[in-house]
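Q: Sequence:
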Amino acid sequence: MQKQLFLNPIFQKIILCFFILLSLSGCKPVQAEPEFLLRTALLVNEEHTWYKAFVYFGEILEERSKGRIKVEVYPSEQLAKEIEAIRLIQADVIDMTTTGSTLTNWFEVATFCELPFLMQDSIDMNRYINGPIGTLMEKEMITKSGLRSLGHFERGPRHLTSNRPIRHPDDLDGLIVRVPNVPSFVTLWKALGAKPTPMAFSEVFTSLQQGTIEAQENPFALINNAGFAEVQKYLNLTGHVISWVYPVIGEKQFQRLPPDLQKIFLLAADDMQAYEHRLFLENEKKVQDELKAKGMEFIEVDKDAFQEKCEAAIYNSLSPEMKKIYDQLKIEKDAS
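Here this note's numbering is used: the first residue of the sequence shown is 1, the next is one more, and so on.
In case anyone wonders, no lab produced these hints; they're calculated from the structure. The structure presented is a predicted model; accordingly, all values stated were derived computationally and were not measured. Check each hint, because a few of them may be wrong.
As the list claims (entries may be wrong) - In silico SDA-like links for lysine to any residue, alpha-carbon gap of 20 Å or less: (1) K292 - A200; (2) K70 - K323; (3) K330 - K190; (4) K263 - L279; (5) K303 - G193; (6) K52 - K292; (7) K81 - S207; (8) K144 - R87; (9) K190 - Y315; (10) K52 - E63; (11) K309 - G193; (12) K333 - E154; (13) K139 - K324; (14) K195 - N163; (15) K139 - D171; (16) K190 - E154; (17) K323 - A335; (18) K139 - F254; (19) K333 - E300; (20) K81 - N163; (21) K286 - A229; (22) K324 - H168; (23) K66 - R87; (24) K144 - N163; (25) K333 - E63.
Let's have the full structure, built from the sequences with the hints guiding it.
A: See below:
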């Protein structure tokens, strides 16, 4: 009975196909493991320009290094929230993220990344980044937080969203506003009469939905990216912060790369910054139209009143050393 089964033509064909498939699979080239696998934690989701920029970075880096470097990108705080991500990089658990004024938890001069009402536009911003303040910031980033800057991403102005229109600081009247864990942001909204509440970005939507907080502030892209139009009616054009973030890698991780890969890595980072900036410019107008289409009402505010009410409090919150830098920046700005 066994002999008849073995000689059955149909059974023979099955056996033959099995061995053909087995031999073909054995002929496939084995995918070589990269020498360096770099894991990136981001707070934004897949639709944001930062995520797209890092994906592009990974693609060109893998190609130019001939597979020796691979970048994995994890959006939406899947790996860690921003401060946790920095600590995980320092602990050598992950490798890259984006960060800005949150770095004040490690060195004070990082406050100038997002100091309220210091900068008026991207011209101011680029002057600071490319001047002595930017050089100092990148140096302290390495020595005090163990991170290396890979360039910068412009964020666009930060604006306040809420469920009642805010045209003047007096309209805030105890409004509970979520802020990132940055001292100058807490100082700003307290001085304006609101109740600032530091909170991780991933918790903001649910907290707005449940009424734990009543408002939040972010650039247009993040407001849209996070779906805040579903839980906030008004977008108040406060423009209180012009800022940027740094894409960063751990300095220990960077120094492990041999010199040839370091060169490839840094050139690819330059291309990532240029790519992200093109996406940012294309997206900035489009995203405003999308927010309006989703039902958000844009409110013009008395920006002078906002600035006048909080300027002294922000300045007085700085240390004597930071006040000197602030004064110098104001002189340079007025001269320009």
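Q: Each hint: holds or not?
A: Each hint tested on the structure:
no.: 1; hint: K292 - A200; result: violated (26 Å)
no.: 2; hint: K70 - K323; result: violated (43 Å)
no.: 3; hint: K330 - K190; result: violated (23 Å)
no.: 4; hint: K263 - L279; result: violated (25 Å)
no.: 5; hint: K303 - G193; result: holds (15 Å)
no.: 6; hint: K52 - K292; result: violated (24 Å)
no.: 7; hint: K81 - S207; result: holds (16 Å)
no.: 8; hint: K144 - R87; result: holds (12 Å)
no.: 9; hint: K190 - Y315; result: holds (14 Å)
no.: 10; hint: K52 - E63; result: holds (17 Å)
no.: 11; hint: K309 - G193; result: holds (9 Å)
no.: 12; hint: K333 - E154; result: holds (19 Å)
no.: 13; hint: K139 - K324; result: holds (19 Å)
no.: 14; hint: K195 - N163; result: holds (15 Å)
no.: 15; hint: K139 - D171; result: violated (41 Å)
no.: 16; hint: K190 - E154; result: violated (26 Å)
no.: 17; hint: K323 - A335; result: holds (18 Å)
no.: 18; hint: K139 - F254; result: holds (15 Å)
no.: 19; hint: K333 - E300; result: violated (25 Å)
no.: 20; hint: K81 - N163; result: violated (26 Å)
no.: 21; hint: K286 - A229; result: holds (15 Å)
no.: 22; hint: K324 - H168; result: violated (30 Å)
no.: 23; hint: K66 - R87; result: violated (30 Å)
no.: 24; hint: K144 - N163; result: violated (40 Å)
no.: 25; hint: K333 - E63; result: violated (42 Å)
Comparing the model with each numbered hint stated earlier shows that hints 1, 2, 3, 4, 6, 15, 16, 19, 20, 22, 23, 24 and 25 do not hold.
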